[in-house]
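*Asks:* Listed below, chain by chain, are the residues.
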Amino acid sequence: MAFYFISIVLLGFIAVYALMAVWAERKISAWIQDRVGPVVTGKYGLLQTFADIFKMLQKEDITPTLADKKLFLAAPILVFTAVFMGFATIPFSPTYISSSINIGIFYLLAIVSIEVLGILMAGWASNNKYALLGSIRSIAQIISYEIPAALAILAVIMLFQTLNLQEICMQQGILSKQKIYFFGFWEVSKIGGFFAWTIFQAPHLFIAFIIYFIASLAECNRTPFDIPEAESELVAGFHVEYTGFKFGALFLAEYAMMFLVSMIAAVLFFGGWNTPLPNLASFALADYTTGTYWGIVWILLKALSLVLLQVWIRWTFPRYRMDQLMTLCWKVLIPLSFVLVLFSGIWKLFILN
Amino acid sequence: MSHSLFYLLSFITLFFALLVVFAKNPIHSALYMVMTFFAITCHYLILNAQFLAIVNFIVYMGAIMVLILFSIMFLNLNQATEPQKSSLLKFAGVISAGLLMLTLVGAIVKTGGGDVPFELIKPDIGLVKNLGKVLFNEFLLPFEIASVLLLSAMVGAVLLAKKEIN
Chain H
0 MAFYFISIVL
10 LGFIAVYALM
20 AVWAERKISA
30 WIQDRVGPVV
40 TGKYGLLQTF
50 ADIFKMLQKE
60 DITPTLADKK
70 LFLAAPILVF
80 TAVFMGFATI
90 PFSPTYISSS
100 INIGIFYLLA
110 IVSIEVLGIL
120 MAGWASNNKY
130 ALLGSIRSIA
140 QIISYEIPAA
150 LAILAVIMLF
160 QTLNLQEICM
170 QQGILSKQKI
180 YFFGFWEVSK
190 IGGFFAWTIF
200 QAPHLFIAFI
210 IYFIASLAEC
220 NRTPFDIPEA
230 ESELVAGFHV
240 EYTGFKFGAL
250 FLAEYAMMFL
260 VSMIAAVLFF
270 GGWNTPLPNL
280 ASFALADYTT
290 GTYWGIVWIL
300 LKALSLVLLQ
310 VWIRWTFPRY
320 RMDQLMTLCW
330 KVLIPLSFVL
340 VLFSGIWKLF
350 ILN
Chain D
0 MSHSLFYLLS
10 FITLFFALLV
20 VFAKNPIHSA
30 LYMVMTFFAI
40 TCHYLILNAQ
50 FLAIVNFIVY
60 MGAIMVLILF
70 SIMFLNLNQA
80 TEPQKSSLLK
90 FAGVISAGLL
100 MLTLVGAIVK
110 TGGGDVPFEL
120 IKPDIGLVKN
130 LGKVLFNEFL
140 LPFEIASVLL
150 LSAMVGAVLL
160 AKKEIN
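Going down the list, the protein sequences come from chains H and D.
Be aware that the first sequence starts at 0, since it is given in numbering that gives the first Met the number 0, and climbs by one per residue.
Be aware that the second sequence starts at 0, since it is given in numbering that gives the first Met the number 0, and climbs by one per residue.
Calculated from the structure, these hints are not laboratory results.
Mixed in with the good hints, there may be bad ones.
[To be verified] When the alpha-carbon atoms are kept at most 30 Å apart in a straight line, the in silico DSSO-like pairs for lysine-lysine are as follows:
#1 H/K176 with D/K132
#2 H/K189 with H/K347
#3 H/K69 with D/K23
#4 H/K26 with H/K54
#5 H/K189 with D/K128
#6 H/K178 with D/K128
#7 H/K128 with D/K23
#8 D/K162 with H/K330
#9 H/K347 with D/K128
[Claimed, not checked] Residues from chain H shown here face chain D by an in silico Cβ test under 7 Å; the list is partial:
#10 V115
#11 L119
#12 W123
#13 I138
Here the structure is a predicted model, which is why all the values come from computation and not from measurement.
All residues carry an ideal CB built from backbone N, CA and C; glycine is no exception.
Make a model of the complete structure from these sequences and hints.
*Replies:* Pasting the structure below:
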């Protein structure tokens, strides 16, 4: 029963989050570019995206005459389902995780690869050259960037020796059963806080986070890697033919995907539901701020800050060119992440023993 | 419970496998193949091989099928442009498929078949830890040989794709 309740709450939360994220993105972009952004609808324009979505729902649902109708309909459903399925293995607090399976992070990598199929179906079924080009670019990019992302994740899970995301979280805070070392020399198992987070457990893991973050930007088709949707070249990429509710579903899925990859980054690198406040001297801040409700607050704060970072990057950097994008992935990120995996093995064998 | 699940999954697998062959449109055919692989992934799950299930999922559905779809899209296949296969090729296809079937039937007869479709001797055999231990102790040599084979295939692919510089 609780399972159904939580999944419905999660669906509602993602819908509201996506709407607010669109509003926040518009406000932040306005602030970065010295504009005002949406101001008319509601206080500070807060209701702008609600108005947009209501407009979108009223629009005529057009399917192009020569489109492949079944695939055209199935693609947005597949994309959104795939992204939403990913939240099943994310731990929200020490006591709550929807499905504590022992292949958690591996399952998430698989889920991300389903989204590719949906994009491919959308691009091909539209029977439109721009859509096809957009989806081809998107697939080439996502498949390539899956590799550095997976290797960066591998560098982390080699240290924790588990694929279960709840156990990975456990090993980054005061609830850990193993000993945690800050950069390998200072035991912080009882101190916790940000000292125990993955990125502070070994010096190379911060680089692993940066690689993962770059790869996750590419997997979400976000700037500077948004060439699948490059407006100046491809109109709108793979979703150019989509209207009304189907377009809304694809749009929602994109923001849900940003949130999902940020959640994964928060769990793997920033301690998940663990508190950033350490137990120092007589102030047992970590003991006080660890728990079910605190856990939900911390993980959401961490994930939303990473989403904010993605938005900030979008409005700061220009778009990459296709060949630059591939060069960055295959000649820089993949060799670097292989080195990180090797370093993780050495760290585990020689420093932590 | 798991018996009926097994039969349901087998039905789905065979149904989509047949659709792969009978579909007129190559893209539809490839997508039915994705569904077939998905059903096979579920087979792995009911055998408790969770790690292998996800590997199957990522490698076949996520990588290989996407690459196949990707290349089909570029080729722009339709019935008019499809060349008629010669009868020799068709004959060779029938013979090789028949040999494969013979091997499979022979293997099933040899292992005894039995009325229980599947049985787990060690239920935790499919977990990552056990799989890794088995791979790096008992089957180290075949594992290493397989990886060398894959590496040589990779080098070969790079060589084929590389332009000749004269």
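*Asks:* Decide if the proposed pair is consistent with the structure: H/K347 and D/K128, CA atoms, cutoff 30 Å inclusive.
*Replies:* Given that 30 Å is the threshold and the Cα spacing comes to 17 Å, the pair holds.
*Asks:* Go through the hint on H/I138 and say holds or violated, using the shortest Cβ distance to chain D against 7 Å.
*Replies:* H/I138 check passes; min Cβ-Cβ to chain D is 6 Å, inside 7 Å.
*Asks:* Min Cβ distance, H/L119 to chain D: is it shorter than 7 Å?
*Replies:* Cβ of H/L119 sits 6 Å from chain D, so the hint holds.
*Asks:* Are H/K189 and H/K347 close enough, with their CA atoms no more than 30 Å apart?
*Replies:* Within the cut-off at roughly 21 Å; holds.
*Asks:* Is H/K69 within 30 Å of D/K23, Cα to Cα?
*Replies:* The hint holds at about 15 Å.
*Asks:* Please verify whether H/K128 and D/K23 have alpha carbons no more than 30 Å apart.
*Replies:* holds (22 Å)
*Asks:* So if I understand the rule, the pair passes when the alpha-carbon distance is 30 Å or less; does H/K176 with D/K132 pass?
*Replies:* Holds, at about 24 Å.
*Asks:* Tell me if the straight-line CA distance from D/K162 to H/K330 falls inside 30 Å.
*Replies:* holds (18 Å)
*Asks:* For the restraint on H/V115, tell me whether the closest CB of chain D is nearer than 7 Å.
*Replies:* holds (5 Å)
*Asks:* Does D/K128 sit within 30 Å of H/K178, going by the straight-line distance between their CA atoms?
*Replies:* holds (21 Å)
*Asks:* Does the nearest C-beta of chain D fall within a distance shorter than 7 Å of the C-beta of H/W123?
*Replies:* Holds - the Cβ of H/W123 comes within 7 Å of chain D, reaching about 6 Å at its closest.
*Asks:* Within 30 Å, alpha carbon to alpha carbon, are H/K189 and D/K128?
*Replies:* Holds, at roughly 28 Å.
The structure agrees with every numbered hint stated previously.
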